[in-house]
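Peer 1: Could you put the whole structure together from the sequences, leaning on the hints where they help?
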Amino acid sequence: MNCAIVTDGYYPVRMGNGMASSTMTFATAGGRPAPGIRLRGLGKEFPGHIAVDGVDVEVGAGELTVLLGPSGCGKSTLLRMIAGFESPSRGEIVLGDHSLGDLPPAKRDIAMVFQNYALFPHLTVAENITFGLSVRRTGRAETAERLAAVARLMGLETLLERKPAQLSGGQQQRVALARAVISERPVCLMDEPLSNLDAKLRAEMRVEIRNLQKRLGLTMVYVTHDQVEAMTMADRIVLMNAGRVEQEGRPEEIYAHPASTFAARFIGSPPMNLIPAAALGIAAPECTVAGLRPEDMTLAGAGVAARLVGSEYLGADLFVTLDIGGTEAVLRQPARAGLPAGEAFHITWAPDALRLFDPGTGRALPPRQ
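My numbering puts the first residue of the sequence shown at 308, with every later residue one more than the last.
Rather than coming from a laboratory, the hints here were simulated on the basis of the structure. Among the clues, some could well be false.
As the list claims (entries may be wrong) - Under the rule of at most 25 Å between Cα atoms (straight-line distance), these lysine to aspartate or glutamate pairs were calculated in the DMTMM-like manner:
| # | residue 1 | residue 2 |
| --- | --- | --- |
| 1 | K414 | E452 |
| 2 | K507 | E464 |
| 3 | K521 | E365 |
| 4 | K507 | E452 |
| 5 | K521 | E619 |
| 6 | K521 | E452 |
| 7 | K414 | E464 |
| 8 | K521 | D533 |
| 9 | K470 | E449 |
| 10 | K414 | D505 |
| 11 | K414 | E468 |
| 12 | K414 | E434 |
| 13 | K521 | D498 |
| 14 | K521 | E555 |
| 15 | K414 | D404 |
| 16 | K521 | E511 |
| 17 | K507 | E491 |
| 18 | K507 | D533 |
| 19 | K470 | D498 |
| 20 | K470 | E499 |
| 21 | K470 | E511 |
| 22 | K507 | E619 |
| 23 | K470 | D505 |
| 24 | K470 | E515 |
| 25 | K521 | E499 |
| 26 | K521 | E560 |
| 27 | K470 | E452 |
| 28 | K521 | E559 |
| 29 | K414 | E499 |
| 30 | K414 | E370 |
| 31 | K507 | E555 |
| 32 | K414 | E449 |
| 33 | K521 | D542 |
| 34 | K414 | E393 |
| 35 | K414 | D498 |
| 36 | K414 | E399 |
| 37 | K507 | E434 |
Computed from a prediction, not measured in an experiment: that's the story for all the values here.
Peer 2: What follows is the structure, encoded as structure tokens:
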């Protein structure tokens with residue numbers, strides 16, 4: 308029988324860097340603890356397209372929750388509904404104990420950092436940071452005091468008179484963050500804020516944003532398609548697919564116990580291997596799919612037969628691509644271990660590392676006893 312693997316369309320088988328330490332928190336600066344956010348049956352429909360379909364999510368107070376998923380999954384639309392830029396077709400958004408209803412964005416007590424930073428090119432760094440305060444007619448003395456505190460916190464004290472064009476990408480991102488922080492709003496939304504940066508800057512800014520969120524006690528909702536950002540930054544991940552929540556939980560929970568083949572392949576680099584259970588000699592219903600993380604597989608003198616397809620040397624690690632019963636799988640091992648001679652190998656794995664998935668729905672099956 309020809310068994311297809313169901314994956315819901317996705318089976319491509321620091322603080323020392325500029326930001327200063329600070330004791331500033333919203334309990335002292337804004338006078339309000341950060342509230343949580345509850346999304347109840349939230350949906351959004353456009354003509355001929357359902358962007359968000361019945362989402363129920365709870366964002367913990369003072370936590371960083373990441374909305375993760377591929378392009379078109381509805382994560383940015385969900386964020387825009389929380390911000391008030393889009394109106395839900397159905398459902399409710401509750402901030403703390405208050406339903407946001409039809410409140411406009413300016414009334415929601417929420418700050419937002421955009422993907423393109425949204426800095427005014429003709430204004431200085433200082434003017435960009437304090438723009439919202441000037442619109443709200445905050446007094447000059449208070450504005451100056453808050454600017455000094457935030458500039459010190461974000462490591463921007465020497466850059467306040469520069470224009471955005473005179474800044475690096477990382478510095479521009481810190482200006483956008485500073486504008487959100489100076490508002491003293493306890494909830495911050497971020498829409499793919501690191502996508503325009505190179506790999507090194509992204510890694511640095513991940514650390515800075517996470518440290519900032521924890522130090523200020525912000526409730527933060529962060530949108531990304533990058534599972535590395537999600538895994539390294541989040542208290543909780545909400546994995547979305549086709550407008551719905553595929554799985555939510557702590558990063559380690561989703562990594563170790565994916566709820567579906569979609570989650571198994573989206574989370575992890577390399578992702579979980581999906582192999583017909585029969586090819587591994589596992590007694591299971593016909594066409595059942597077995598999942599194994601690359602690091603849970605081991606080359607051995609006996610076990611399931613595998614043929615070498617290729618290998619990738621990555622310094623500390625060696626990714627070994629194997630053919631197992633006609634399905635390619637990747638094994639991860641320390642590079643110093645090297646490879647045995649020849650092309651015919653055997654693999655084994657720890658019994659508790661194996662995950663099984665329903666061949667029709669792609670959903671995870673209960674653990675084997």
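Peer 1: Can you name, in rising order, the numbers of the hints this structure does not satisfy?
Peer 2: 4, 5, 7, 10, 11, 17, 31, 37
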